[in-house]
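K.L.:
Chains as they are written, first to last, in numbering that gives the first Met the number 0: chain V, 0 to 336; chain U, 0 to 336; chain F, 0 to 336; chain L, 0 to 336.
Just so you know, the hints here were simulated from the structure itself, not pulled from any lab data.
Predicted model, so just to flag it, every value in this text is computed and none were measured.
We put the CB at the ideal spot given by N, CA and C, even for glycine.
Certain hints may be false.
Unchecked claim - Below, in silico cross-link-like pairs of lysine-lysine (DSSO-like), each with a Cα-Cα straight-line distance of 27 Å or less:
#1 LYS69(F) / LYS194(F)
#2 LYS5(V) / LYS69(L)
#3 LYS88(U) / LYS176(U)
#4 LYS5(L) / LYS77(V)
#5 LYS319(V) / LYS88(V)
#6 LYS93(V) / LYS117(V)
#7 LYS194(U) / LYS176(V)
#8 LYS326(L) / LYS319(U)
#9 LYS76(U) / LYS194(U)
#10 LYS117(V) / LYS314(V)
#11 LYS5(U) / LYS317(V)
#12 LYS317(V) / LYS327(F)
#13 LYS26(V) / LYS26(L)
#14 LYS327(V) / LYS317(F)
#15 LYS76(L) / LYS214(L)
#16 LYS5(L) / LYS314(F)
#17 LYS326(V) / LYS319(F)
#18 LYS117(F) / LYS88(F)
#19 LYS314(F) / LYS26(U)
#20 LYS194(L) / LYS194(F)
To be verified - Stretches of chain V that chain U covers, calculated by requiring three or more beta carbons in the stretch to come under 8 Å of a beta carbon on chain U:
#21 124-134
#22 158-169
#23 189-201
#24 293-306
Claimed, not checked - Chain V stretches covered by chain F per the calculated footprint, using a threshold of three residues with CB under 8 Å from any CB of chain F:
#25 209-222
#26 235-242
#27 255-263
#28 277-285
These are the residues of each chain, in order.
4 protein chains.
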Amino acid sequence: MIIVLKPEATEREIDHIVDRLRELGLKPHISKGEERTIIGVIGDDRILQNQPLAVLPGVESVTPILAPWKLVSREFKKEQTIVDVSGVKVGGRKLAIMAGPCAVEKLELTVSIAHEVKAGGGSILRGGAYKPRTSPYAFQGLGREGLDFLVEAKKQTGLPVVSEILDPRDIELFLEKADIIQIGARNMQNFELLKEVGAYDKPVLLKRGLAATIKEFLLSAEYILSRGNRNVMLCERGIRTFETQYRNTLDLAAVPTLKELSHLPVIVDPSHATGKWTLVAPMAKAAVAAGADGLLIEVHSNPECALCDGEESIKPTKFKELMLDLKKIAEAVGREL
Amino acid sequence: MIIVLKPEATEREIDHIVDRLRELGLKPHISKGEERTIIGVIGDDRILQNQPLAVLPGVESVTPILAPWKLVSREFKKEQTIVDVSGVKVGGRKLAIMAGPCAVEKLELTVSIAHEVKAGGGSILRGGAYKPRTSPYAFQGLGREGLDFLVEAKKQTGLPVVSEILDPRDIELFLEKADIIQIGARNMQNFELLKEVGAYDKPVLLKRGLAATIKEFLLSAEYILSRGNRNVMLCERGIRTFETQYRNTLDLAAVPTLKELSHLPVIVDPSHATGKWTLVAPMAKAAVAAGADGLLIEVHSNPECALCDGEESIKPTKFKELMLDLKKIAEAVGREL
Amino acid sequence: MIIVLKPEATEREIDHIVDRLRELGLKPHISKGEERTIIGVIGDDRILQNQPLAVLPGVESVTPILAPWKLVSREFKKEQTIVDVSGVKVGGRKLAIMAGPCAVEKLELTVSIAHEVKAGGGSILRGGAYKPRTSPYAFQGLGREGLDFLVEAKKQTGLPVVSEILDPRDIELFLEKADIIQIGARNMQNFELLKEVGAYDKPVLLKRGLAATIKEFLLSAEYILSRGNRNVMLCERGIRTFETQYRNTLDLAAVPTLKELSHLPVIVDPSHATGKWTLVAPMAKAAVAAGADGLLIEVHSNPECALCDGEESIKPTKFKELMLDLKKIAEAVGREL
Amino acid sequence: MIIVLKPEATEREIDHIVDRLRELGLKPHISKGEERTIIGVIGDDRILQNQPLAVLPGVESVTPILAPWKLVSREFKKEQTIVDVSGVKVGGRKLAIMAGPCAVEKLELTVSIAHEVKAGGGSILRGGAYKPRTSPYAFQGLGREGLDFLVEAKKQTGLPVVSEILDPRDIELFLEKADIIQIGARNMQNFELLKEVGAYDKPVLLKRGLAATIKEFLLSAEYILSRGNRNVMLCERGIRTFETQYRNTLDLAAVPTLKELSHLPVIVDPSHATGKWTLVAPMAKAAVAAGADGLLIEVHSNPECALCDGEESIKPTKFKELMLDLKKIAEAVGREL
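Build out the structure end to end from the sequences listed, making use of the hints.
P.N.:
Next comes the structure, spelled out in structure tokens:
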């Protein structure tokens, strides 16, 4: 940690700061320059999170040096994490394609889309049973029944299932019925939910919040790992910007950045990122080219009747074509589908 | 709702769209221009939230005309809502000043700050017992014990208490111990929590999310009202932008905008908005000048030892001075303190 | 254009609005719904840019239907524009790779980098002679001499040259010495400069502004085309967001979106977009996968001594490796390098 | 400047970094911690702007300590700058109110609005002769003739005049006819224009760019001061965010922040910041409460016929009322109107 002092900081103020640092078990090193005095502090920045050093008289700024996370970092664990999702490996050479409807609506439809996803080359079935909708008047999902439909689709196709949890009180249900518990963008900083899923070893797909920095994203993952659950996958799904042509701005630079900073697998969701089915294919291709470990794609056999996010769903035939294109790009970057 | 068609839309596509609209019980009006055909749709836009009309062949764009909320709107209820917080009225001519420490730490300290807040002219005591912290290694709050300290402070000063809930499983505790249940920025779209607090008539202070639009903010309030709880106060607390000089960018234009669109009281939190105690006073003054119904201010008698957000807390003496200045500004805009 | 009226709009107000529209030569169509009256206006939205209809009494909102641009649109010109840059075609099946140093520093260095760029497979040499620097104390470029070095490099390698103009008074110089005149992000809305380059037929590379919407970006291009110059290439180079891990956030969804809305070629600059050389390769690959028509890449043989943006420059060996990878991705999406 | 090394940095790399720093005339201080080695560098950070130290092998990050500006800083000049605009003082106890039409349209109208501005208590007349319009098809201003109308209005009312320059080739014209040269938001980083106005001592009103950080804003002002012109006024006019209810998000925390960092006067433009006349009054009040030294307000006697930005213009009667309210708020914060 680096503490920069104000030009007018007095000796007494400096002494007070140094005393305070020593009380906290830290070793301050003072460097006096012509324009500023700087105090370099050796020790664990993390124990300082509860200490508002910036308010000490004479302090101009405090800059942490060490990353505030630990368990999620590449520095802590060099080798890439590979999450085992009921037999499907996520994070290895082979890309994981998670596809399916935004919301689970009917049993037959769910099963038929699952078959299409499998036929197209998808390895995991996605489907929302509990839906976080901006408006209270929008379809809120089938709930428990939706999860049962996914379980049935899994039984028939063998595809493991990912579905979003909204309420910590539903944890038992998800442990039983889902293969991956998804924490959605709106809940990325729902810390009680993070702690809840952190208490088990069930794989978790953690989506980046609408306006979450990479740092906050990794700290939310750290919440889960610090509770004991190491099976976490990160998911970039677009961030909020001023641009209104698409729902969000897909931030693909996050992919190599997250992979450099962390050992966790990185998935990209081009469907929610754009909110437009015409952009799903180019962004899926770009994500694979950028080094993503997998994709989360909305597929629906009848988008114009979908109860949720039909605008961003692609049809099974488009999905199949896309998979063929992705195969070539995956090979070009040393991966396979 | 206005549906704009693509220039190349065929008659068959137009017929299909019109049929679909009629199936939904809506009345389409077609206007053919030189460059585009437009379909105006009379009827309730809200029932369309589950219908992805933009994917119908031939459609270029769909623009809703009516606001997607109802109960929170000024159109639905013309007169200003005044929330009664255990006797303190919020939303009337008199401004509501909610002040206190970011996090509740010790009983004595809590009680002494409460006395200072009261002496300065504050009308409600704020204090966090459960703290949503970005890092799992930061102080997470005292929990239930913290709420008890607030109850004790209320007993000694008479100040009603506002505190933040994080987990729907704590609802009973908050119903018993808090006078206002706060939903923090990170939980603005934690819809399960919104539904939970919506089921009672306990006053709720709903904070705007870090990157929430005015529209999303009002829809989150609509979740609470639509469940039956009409005692909702909105709180602007800064939004996330590219600027790094302050923690967030306080969006004061939201104050008159929210008050025009909705009948709910609007509170401003200059402390979290800026993250710097030096900016609290000017932003508190600006908020009152902009028409806010109240303020949420962090006050701590020893900021440099505060376990949470000491950087943005002002000392009781500063708080008293600020209140004197605010009194003059309140009068200048036809309000009182 | 759609005009939505306030619920309380009076008949007199409606008449006034209708009269005003007719005065402007437009045909209003009135639809009265239960909650709102809507006026659909048939006619050219563009002539309305100088008419503040939203202030007419009784008006709630005005929504344009037609895009505000014309000459740049795919609707106006269906076939893809291919810009001929001194023999190098930009916008066709073959990708255009523009590479070179951020700033031109020395003649020998410029020529040697040009040779490396050519050897690696680049088709156009980039290099800044006039540099728009955030700080007045940073290196401002060699100016005219820098352009001469580029001309010499072109003479020796045959690579056409792209360089940035800052001042309309330099237009003659650029017409003589550059093959492409670059308008940088900071000048995207320097309309006098746009008008200046619009008066010739010299190819222009127009970069998207730091916080420019797609709409503003296309309107800036429209400035150039409307003055007569049709040889415009658009360049996505990252937008400003809250994320601080990289200099900007590369917005790759802009690529297919621009290509759908416009017939102009779309280039991507992964170097300025990220500001980090480690991110240049993954973002270059992603850009090609997303459908870009070319790339603008900073290459420097000794980045640690570069006078400008050394952090984001890749070395010639890296550039060669990248080109081999890009070749495969280009093929996977039906293009060639 | 603080250089943090990678955990795996070798002794050889450290030696190379230290050598490089010494070559640049800087004094490195090395501190070795358990997790990281840190090099504190004493010396002028500013000479490092052309040195990409972050690319040196072994370096993880480089953090500057000193602000990159000098002449604009409060540290360099403690006393508040008061700019003399043809006799009207800006930056002192008395607030400067600059008001008038967005664009100058007709002589009579300009003069009549000028009289209204003066009668209402305004001290400077604003009016655009050259208009930077997003669309090439929008009214571009009257140019030289518009400046003449302003000169005439000044002659009749005695109000000094502020008008925006777009092209460095117009400098002579502005030196002759305007009392303040305005650099608009879109030109905040048009460095050639900054250098041009920096060469004279004519007062300059520099507007913050749409997505400019405080740091970039001050550096643009530094461009002007470093060329010799000390008569610079800063103008906050809203920044671009995701919110679409208003044109921009007025960032009032910038006011006390700029005044703390710099000695230059700070003006606020509530009209362009919001783009809605209903928000002008509350934001003007908030700006004064936040400590602004003046306001820039659009006033038009017939907004519905204004050729530019009629939506955000207030009528002269509203302006007068607003001035009365502002007087009270100014007094409440120790200023006068």
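K.L.:
All hints are to be evaluated individually against the structure, with a verdict given for each.
P.N.:
Comparing the hints with the structure gives:
no., hint, result
1, LYS69(F) / LYS194(F), "holds (17 Å)"
2, LYS5(V) / LYS69(L), "holds (15 Å)"
3, LYS88(U) / LYS176(U), "holds (19 Å)"
4, LYS5(L) / LYS77(V), "holds (14 Å)"
5, LYS319(V) / LYS88(V), "holds (21 Å)"
6, LYS93(V) / LYS117(V), "holds (16 Å)"
7, LYS194(U) / LYS176(V), "holds (24 Å)"
8, LYS326(L) / LYS319(U), "holds (24 Å)"
9, LYS76(U) / LYS194(U), "holds (22 Å)"
10, LYS117(V) / LYS314(V), "holds (14 Å)"
11, LYS5(U) / LYS317(V), "holds (22 Å)"
12, LYS317(V) / LYS327(F), "holds (22 Å)"
13, LYS26(V) / LYS26(L), "holds (22 Å)"
14, LYS327(V) / LYS317(F), "holds (23 Å)"
15, LYS76(L) / LYS214(L), "holds (18 Å)"
16, LYS5(L) / LYS314(F), "holds (21 Å)"
17, LYS326(V) / LYS319(F), "holds (24 Å)"
18, LYS117(F) / LYS88(F), "holds (16 Å)"
19, LYS314(F) / LYS26(U), "violated (63 Å)"
20, LYS194(L) / LYS194(F), "holds (21 Å)"
21, 124-134, "holds (count 4)"
22, 158-169, "holds (count 4)"
23, 189-201, "holds (count 3)"
24, 293-306, "holds (count 4)"
25, 209-222, "holds (count 4)"
26, 235-242, "holds (count 4)"
27, 255-263, "holds (count 3)"
28, 277-285, "holds (count 6)"
Of the hints listed earlier, the one the structure fails to meet is number 19.
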